[in-house]
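Engineer: Residue numbers (our numbering), protein chains in the order written: chain A, 19 to 305; chain B, 250 to 380.
Some hints could be false.
[As the list claims (entries may be wrong)] Calculated pairs, DSS-like style, for lysine-lysine (alpha carbon to alpha carbon, straight line, at most 30 Å):
hint, chain 1, residue 1, chain 2, residue 2
1, A, Lys190, A, Lys116
2, A, Lys116, A, Lys64
3, A, Lys231, B, Lys324
4, B, Lys324, A, Lys267
5, A, Lys257, A, Lys267
To be clear, the hints were calculated from the coordinates, so they are not data collected in a lab.
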Amino acid sequence: NADPQKTAFLLRKQWTLYSVTPLYRFSNAHLRDYARLLSAFIAAEKQKGLAVEIGVELDIKVAVSSLPDLKGSDQDQAAILVQLSLRSPASPKNSEEKLVWSGWFCCVSGDHLSETVPEDFTCLPLFLANGAESYTSIVGSWFQKTFDCCFRRLAISPLNLSWMAAMWTGCKVDKTTSAMELVFSVPCLPQPLDISYAIHPEDAKALWDTVQKTPGEITQEEVDVFMDCLYSHFHRHFKIHLSATKLVKVSTAIASAHCDGIIKFLQGQYLTGVLMLLTELAISQIQ
Amino acid sequence: HLATSLPLPSERDHLRPRIDLIVFMIDIKSKYSLQNVEASLAHVDANFFLGKVCFLVTGVGRVNYCSVETNAIWKLGEVYCSPVLFCELELEGIRVATAQRLLRMLQICAGHIPGVSALSFGTLMRNSADD
């Protein structure tokens, strides 16, 4: 399992999710070279006038490293982290570098994908980015060109969000936790309307505990019963059928997920668990 | 005739023409629509399930808006021995094609196509779906 200190920097940040097709001829041994090439590519893009910052000539430093702890099984590829930092031109040698963008590729328990691809391909189906979209776009283009892969935004359906709500509610958390929040978007209205449904985490867990039959296992029926209970409770009070709306966001003490493919990890101990679920979603989007 | 749920109001029973085909519409974006259909099915006479019922699932174009599990719908089709059709109403081509299919089914169910009964056609549709 992941060393909590090494992965603490991944928590409490908003990550935008992408699915990535297998990378051709990617090698863990050449990370330094990749950093150099990517750095040159970014500089070249800026010369072309696709600069992300206007005015001052800013030096972008690229670091590519491996995160060996972030994997599910031994067959998984170690996660790869790419970081872009700005060096101010004032004192280039000693100045502080400001981290402006991070992105990481990972694969947690992605055996069913890695078993089906030929030798030269590396499976890192999940990509998470934090920082300006313009940087994501440049880094993405370089990877797509260099390793012949394809990035796609990973959306999360309401069905999958319900699954996450049920799964994460069942997780034990030590300290007093924040409320579980579900956000629904109401369709077919002239003006957009969002409904936020907050549930006390202990009530939610108590409900889930009565629904789940086998600890460690979750079935679709159990998720349906859990959600239906929440929906009928809401209907009893407000006469609104949440089941006719679209679930767009789920927030629990473990993590929060939005249907546009945005995730925030809140608990280090469940990081790998959440990544396993996201890896699965990424793989189904690829296939 | 369109209804949001069954049973139909009894006041107009004597004015209503014979019903040849019931199409239950399920919006894949709304769990509520599935629950509504499931509740309405209880009010349908058993005779209708001999080829005069079909399930039409709409909204399938957008995978990421899915609130209903497809397995649940297939199971419904199996339990009620009725075919399941999928379509996307927002695309005109598919909308028109689906309407034509339903019209064809209606013609068979109403007995307008000689040699083909509603039951035989329904069985044919379900068998081809299994393949």
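Engineer: Next step is simple, just say for each hint if it's right about the structure.
Structural biologist: Consistency of the hints with the structure:
{"no.": "1", "hint": "A:Lys190 to A:Lys116", "verdict": "violated, 36 Å"}
{"no.": "2", "hint": "A:Lys116 to A:Lys64", "verdict": "holds, 19 Å"}
{"no.": "3", "hint": "A:Lys231 to B:Lys324", "verdict": "holds, 22 Å"}
{"no.": "4", "hint": "B:Lys324 to A:Lys267", "verdict": "holds, 28 Å"}
{"no.": "5", "hint": "A:Lys257 to A:Lys267", "verdict": "holds, 21 Å"}
In summary, the one numbered hint that this structure violates is 1.
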